[in-house]
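There are 2 protein chains.
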Amino acid sequence: MVELKEISGGITAVPGFMAAGVAAGLKKANKKDVALVYSDNPASAAAVFTKNKVKAAPILVNMQNLTKGEARAVVVNSGNANACTGEQGLKDAREMVQVAAKILGITSEQVIVASTGVIGHNLPLHKVTAGIEECAGRLSDKGGTDAAEAIMTTDTYAKEYAVQVNIGQKPVVIGGMAKGSGMINPNMATMLGFLATDVNISKDLLKMALTTVADETFNMITVDGDTSTNDMVTLMATGTAGNPLIEEINADFKDFVAALKQVAMHLAKEIIRDGEGATKVVTINVKGAYTQKDAQTAALSVANSNLVKTAFFGEDANWGRIFTAVGYSGAEFNPSRVDISIESSAGKEQMLAQGAGLKFDEQKAKNILAEKEISVWIDLNAGDKDAVAWTCDFSYDYVKINADYRT
Amino acid sequence: MVELKEISGGITAVPGFMAAGVAAGLKKANKKDVALVYSDNPASAAAVFTKNKVKAAPILVNMQNLTKGEARAVVVNSGNANACTGEQGLKDAREMVQVAAKILGITSEQVIVASTGVIGHNLPLHKVTAGIEECAGRLSDKGGTDAAEAIMTTDTYAKEYAVQVNIGQKPVVIGGMAKGSGMINPNMATMLGFLATDVNISKDLLKMALTTVADETFNMITVDGDTSTNDMVTLMATGTAGNPLIEEINADFKDFVAALKQVAMHLAKEIIRDGEGATKVVTINVKGAYTQKDAQTAALSVANSNLVKTAFFGEDANWGRIFTAVGYSGAEFNPSRVDISIESSAGKEQMLAQGAGLKFDEQKAKNILAEKEISVWIDLNAGDKDAVAWTCDFSYDYVKINADYRT
Chain A
562 MVELKEISGG ITAVPGFMAA GVAAGLKKAN KKDVALVYSD NPASAAAVFT
612 KNKVKAAPIL VNMQNLTKGE ARAVVVNSGN ANACTGEQGL KDAREMVQVA
662 AKILGITSEQ VIVASTGVIG HNLPLHKVTA GIEECAGRLS DKGGTDAAEA
712 IMTTDTYAKE YAVQVNIGQK PVVIGGMAKG SGMINPNMAT MLGFLATDVN
762 ISKDLLKMAL TTVADETFNM ITVDGDTSTN DMVTLMATGT AGNPLIEEIN
812 ADFKDFVAAL KQVAMHLAKE IIRDGEGATK VVTINVKGAY TQKDAQTAAL
862 SVANSNLVKT AFFGEDANWG RIFTAVGYSG AEFNPSRVDI SIESSAGKEQ
912 MLAQGAGLKF DEQKAKNILA EKEISVWIDL NAGDKDAVAW TCDFSYDYVK
962 INADYRT
Chain B
562 MVELKEISGG ITAVPGFMAA GVAAGLKKAN KKDVALVYSD NPASAAAVFT
612 KNKVKAAPIL VNMQNLTKGE ARAVVVNSGN ANACTGEQGL KDAREMVQVA
662 AKILGITSEQ VIVASTGVIG HNLPLHKVTA GIEECAGRLS DKGGTDAAEA
712 IMTTDTYAKE YAVQVNIGQK PVVIGGMAKG SGMINPNMAT MLGFLATDVN
762 ISKDLLKMAL TTVADETFNM ITVDGDTSTN DMVTLMATGT AGNPLIEEIN
812 ADFKDFVAAL KQVAMHLAKE IIRDGEGATK VVTINVKGAY TQKDAQTAAL
862 SVANSNLVKT AFFGEDANWG RIFTAVGYSG AEFNPSRVDI SIESSAGKEQ
912 MLAQGAGLKF DEQKAKNILA EKEISVWIDL NAGDKDAVAW TCDFSYDYVK
962 INADYRT
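Protein chains in written order, with this note's numbering: chain A, 562 to 968; chain B, 562 to 968.
Treat the hints with caution; some may be incorrect.
For identical chains, the list gives no copy identity; a pair is met inside one copy or between any two copies.
Quick list of in silico lysine-lysine cross-link-like pairs, DSSO-like style, CA-CA up to 27 Å [as the list claims (entries may be wrong)]: (1) K612 to K854; (2) K920 to K688; (3) K815 to K566; (4) K589 to K848; (5) K925 to K961; (6) K927 to K652; (7) K854 to K815; (8) K629 to K927; (9) K946 to K614; (10) K629 to K909; (11) K925 to K614; (12) K768 to K822; (13) K933 to K589; (14) K961 to K592; (15) K920 to K652; (16) K566 to K768.
Since the hints were derived computationally from the structure, they do not count as laboratory data.
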């Protein structure tokens, strides 16, 4: 197990990275809504984008720009998603990139762009560009938190994290920020994650590391099962840590992936903790699946079930809903071999053994579910693959937040 | 278009069918909880069952018993789903069948069995069998409503419907009852549908008629996207109407399917109208898909989206959420060709044209969404296939109903 040290500073904990976040007038009440992140050093870059066929303009622009696998800046606005905005939306996203590139003295292909907020309205571009210019003047190696605040929508707090880890006997930093489920005027729950590191790694392996880690962290969380038009996670790597270049799947690569997963998982769980209306974080562990895909499918099916999520809100040990969600997931298993338990700091209680309900201690189950962090253990007893998904409970407030008028 | 006349009597509107529903003590407050339906005449039978891998005991018993495609009785209990109850559950379901068969003087293979209610508890079998015996003594050709009441869980009203239609110049009756999303002590939202007719039709075509119709009605409704362990729809046909035997796909078959679809759709929409916490019925129309499957996938994706459903509860013209749900559905289409409109008795308003948001009349949209019955029109402009799904909005009460303790 690789040893990690948590450090402060978020994305600007990474040497050479500066950031800023300013209020440019897209959000109300003078809240920060434009963020800029800049690397003093050239950097490789990898990204994963939403699989939604309806992709917002900034996603489409990034898909073109990032083909070289290099980036030195990230520019983000909140308050407007620049999604379903047609040709004008694409022009606006490109203009955000060009304004940032020009003022930072880098090329357009080195700028990652993102937007989050209301869908279907054109950006107030003059406000955004003024915000980018103001950010450029305020870039600071202490600016990570300002940037993390500026990418928030209805997130109730900024999400950032950084760790230090020794790789190839050199200290390497991995830092990042994320935003979760929220909307400025009720709209999409967009997930954005921006990660940076000074590790020395080839572009191919950087891409592999991000894809692997995103599949096991950001892609295994769910607040409401709706996949946004704007979701993206990016990772920039400068190589300045001076570790021997990672260009094959060796021990250094595995250490880096483990550390990156730690950062990504921390941010992903923060998104769940701050999910709309969430009062609990629930970890769904599936063991003993035939395949990795079966394990993930089963875990996400349980994590996405409204009936399971409302039961957790009600602190109801309703294992029938959990078993049912495994049943309709599409995963391969034999129902008469399945075991289900719940666990929290208050203890662990098994409720289903070999597909049949057990007489369990209702009071103990109640105590377990009264905690804020709960784990569900589902053993399919079919094979040796496992997966973990994270979700939140489903409260009145989810409906309240999402039923409000946009205006 | 085949001409239908709505008639009263539900499942007992069909000549030769009798039914009863009694309170056997499974539900509280002396509510009816055991139902029996009996056909004086031999009848063919077809059924569709839940696709959940976790199947309740009565589903497993029916899958064995119905292989001959014949049935003369349906026995149902509410208050306990007899699901995840192991070997004892199977014994209990078989015992329900045998008790009904013996008292009615028919074979076990002629009895359809169903249960709905709480998962994971063994049936109080003596209460159920006493209920079956009491039902047998009360069978009546006016008993459809009592039976429809006895299969309810948290349904707020009984659901039954019947029509008369001329087929092969003979009057044919199709009647049925259904129950929807509800739970006795919060648990699964089980859908049960029992249909009967006196049409004269071969077993193969009866099966084809039910499968086709179920796919376009019961399988296109969604309250919360969770597929129960107990879902089933059955159709019995006595042939006593005296129409020329339908044994090929001819005009008579098409007329019968059209009439059956009308009955099934009526019952399916009643399930949505009475969905947990529902305040509105929303019809999702998808047009212009490449394939039928694409159209159904897109329609169900929108119908299942929590964000779409909460927006309807909030009467918010949030087309971005609708478009997004189409986007992640997996259906094939070009986002830049999609049109979206909303419609109700207050008018129709287009909000998306060729993938870009329109400036629309917010007040008119608000008036449209203030109605109780709303239609969404999504034109993919890709091909010529279409599909319709039905859903309800998502209110505080859904969370309330489903978060309550089981006890």
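Here is how each hint holds up against the structure:
For the homomeric pair K612 and K854, the shortest alpha-carbon distances inside one copy (17 Å) and between copies (19 Å) are both at most 27 Å. Only between protomers do K920 and K688 lie at most 27 Å apart by alpha-carbon distance; the minimum there is 21 Å, versus 62 Å within a single protomer. Within a single copy, K815 and K566 get their C-alpha atoms as close as 17 Å, which meets the 27 Å cut-off; across copies the closest is 71 Å, which misses it. In this homomeric assembly, K589 and K848 never come within 27 Å of each other (Cα to Cα): the closest approach is 46 Å inside a single copy and 39 Å across copies.
In this assembly of identical chains, K925 and K961 lie within 27 Å of each other by CA distance solely across copies; the values are 23 Å between and 31 Å within a copy. Proximity of K927 and K652 under a CA criterion of 27 Å is satisfied in neither setting, with 55 Å inside one chain copy and 32 Å between copies. Taking the shortest Cα distances, K854 and K815 sit within 27 Å of each other inside one copy (22 Å), while across copies they are farther apart (42 Å). Taking the shortest alpha-carbon separations for K629 and K927, neither the intra-copy value of 54 Å nor the inter-copy value of 47 Å comes in at or below 27 Å.
In this assembly of identical chains, the alpha carbons of K946 and K614 lie at most 27 Å apart only when taken from different copies (19 Å versus 30 Å within one copy). In this homomeric assembly, K629 and K909 never come within 27 Å of each other (Cα to Cα): the closest approach is 50 Å inside a single copy and 47 Å across copies. In this homomeric assembly, K925 and K614 never come within 27 Å of each other (Cα to Cα): the closest approach is 46 Å inside a single copy and 29 Å across copies. When the C-alpha separation of K768 and K822 is checked against a cutoff of 27 Å, the pair qualifies only within one copy, where the shortest distance is 14 Å, while the shortest distance between copies is 52 Å.
Proximity of K933 and K589 under a CA criterion of 27 Å is satisfied in neither setting, with 32 Å inside one chain copy and 33 Å between copies. For the homomeric pair K961 and K592, the shortest alpha-carbon distance inside one copy (22 Å) is at most 27 Å, but the shortest distance between copies (34 Å) is not. Taking identical chains as interchangeable, the C-alpha atoms of K920 and K652 lie at most 27 Å apart only when they sit on different chains, with a minimum of 19 Å there against 62 Å within one chain. For a Cα distance limit of 27 Å, the shortest separation of K566 from K768 inside one copy, 24 Å, qualifies, whereas the shortest one across copies, 64 Å, does not.
Checked against the numbered hints above, the structure violates hints 4, 6, 8, 10, 11 and 13; every other hint is satisfied.
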